[in-house]
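Colleague: Each chain, written out:
Number of protein chains: 2
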Amino acid sequence: MINDTDVEKLFINYKTLEQFKRFKEYGNQELSMIEDLQNNIVENNSESPFYGIYFGDNLIARMSLYKVKAKYDNYFNPPQEYLELWKLEVLPDHRGEGYGKRMVDFAKSFNLPIKTNPRIKSHGFWEKMGFQKAKYEMERDLGENPLIWLPKGVSEKTSDNS
Amino acid sequence: MINDTDVEKLFINYKTLEQFKRFKEYGNQELSMIEDLQNNIVENNSESPFYGIYFGDNLIARMSLYKVKAKYDNYFNPPQEYLELWKLEVLPDHRGEGYGKRMVDFAKSFNLPIKTNPRIKSHGFWEKMGFQKAKYEMERDLGENPLIWLPKGVSEKTSDNS
Chain A
57 MINDTDVEKL FINYKTLEQF KRFKEYGNQE LSMIEDLQNN IVENNSESPF YGIYFGDNLI
117 ARMSLYKVKA KYDNYFNPPQ EYLELWKLEV LPDHRGEGYG KRMVDFAKSF NLPIKTNPRI
177 KSHGFWEKMG FQKAKYEMER DLGENPLIWL PKGVSEKTSD NS
Chain B
57 MINDTDVEKL FINYKTLEQF KRFKEYGNQE LSMIEDLQNN IVENNSESPF YGIYFGDNLI
117 ARMSLYKVKA KYDNYFNPPQ EYLELWKLEV LPDHRGEGYG KRMVDFAKSF NLPIKTNPRI
177 KSHGFWEKMG FQKAKYEMER DLGENPLIWL PKGVSEKTSD NS
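Just so you know, the sequences run in chain order A and B. Add 56 to the 1-based position in the first sequence for this note's numbering, that's all there is to it. Add 56 to the 1-based position in the second sequence for this note's numbering, that's all there is to it.
Since the hints were derived computationally from the structure, they do not count as laboratory data. Watch out, some of these pointers could steer you wrong.
Said to hold, decoys possible - Simulated crosslink set (BS3-like; lysine-lysine; CA at most 30 Å straight-line): (1) Lys80(B) - Lys127(A); (2) Lys80(A) - Lys191(B); (3) Lys191(A) - Lys65(B); (4) Lys127(A) - Lys77(A); (5) Lys80(B) - Lys213(A); (6) Lys191(A) - Lys177(B); (7) Lys213(A) - Lys77(B); (8) Lys123(A) - Lys213(A).
Since the model is a prediction, treat every value here as computed from it, not as a measurement.
Sequences are here, hints too, so could you generate the full structure?
Modeller: Written out as structure tokens, the structure is:
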């Protein structure tokens, strides 16, 4: 039985897209999903890259996880498949209740390295989750502030092994 | 003679890096510049990717511009060299005085396509500057909201010509 507040894969449909509007980091990605649904480019209830936690009927936390292929890996050593995590967000009424940590633990459970690029000042949270700043490389990061999480046996790419 | 409020190339030195601290989008990039300077990895007064406007002695606006090679272009048609613009910011006391527009006009003067990925809600401004939303592609944009500017003769890459 699924616990009421387990992390679930989210599916693309009008109801979910409507719930997404409550999140601050609502942008082109979501608008493009609505368009694709309207134009029958994607089917109703097709898989999205989002995961979330419901509290009753309400989506109260979400994040997106995308598996990046090893050939595009510029962060880890050895170069390997990793997860790009974005738009991790818990609705204001439910902050401080451990949902953010539950989402990140879910992401870690794939046992792949994780990269994220938090848009809001949240370095304290990510540090507690065991993430570290990637060594800044201008050509790669272009002003971004990537954070990475390394599972056992994986290290950060350095200029020596790039 | 340089006008007092012309756009200037900024050089990496402790004074400039100190002035950068007033800007909201201060991050790993700047911290890494300080470290590189302290460890003599970069020379004092070496070129930075930043441009700025001084009002008297004070840096009141800045942005970073980086030329991306044609082989990495995933946005334009035909694929070509373009400018990645980031961290455009005018200090609060000087907003609404046209400095943002002056910076963007400077970037446009290279006559290369421009891509930017604004972190703060500023779509109205970018629209006025003639920028448009790039058609969202998940594998490329990973949750970001890129905006592009097309000089004459350049169009957006579509899935047809990718």
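Colleague: All hints, please: hold or fail.
Modeller: Comparing the hints with the structure gives:
1. The straight-line distance between the Cα atoms of lysine 80(B) and lysine 127(A) is roughly 34 Å, outside the 30 Å bound, and the hint therefore fails.
2. Restraint check for lysine 80(A) and lysine 191(B): satisfied, since their Cα atoms lie roughly 21 Å apart, inside the 30 Å limit.
3. Of the pairs offered as hints, the one joining lysine 191(A) and lysine 65(B) holds, with about 25 Å between alpha carbons and a cut-off of 30 Å not exceeded.
4. For the proposed pair lysine 127(A) and lysine 77(A), the alpha carbon gap of about 34 Å is over 30 Å, so the pair is violated.
5. A C-alpha spacing of about 29 Å is found between lysine 80(B) and lysine 213(A), which places the hinted pair at or below 30 Å, so the restraint holds.
6. About 27 Å separates the Cα atoms of lysine 191(A) and lysine 177(B), which keeps this hinted pair within 30 Å; it holds.
7. Pair hint lysine 213(A) plus lysine 77(B) holds up; C-alpha atoms about 28 Å apart against a cutoff of 30 Å.
8. Pair hint lysine 123(A) plus lysine 213(A) holds up; C-alpha atoms about 18 Å apart against a cutoff of 30 Å.
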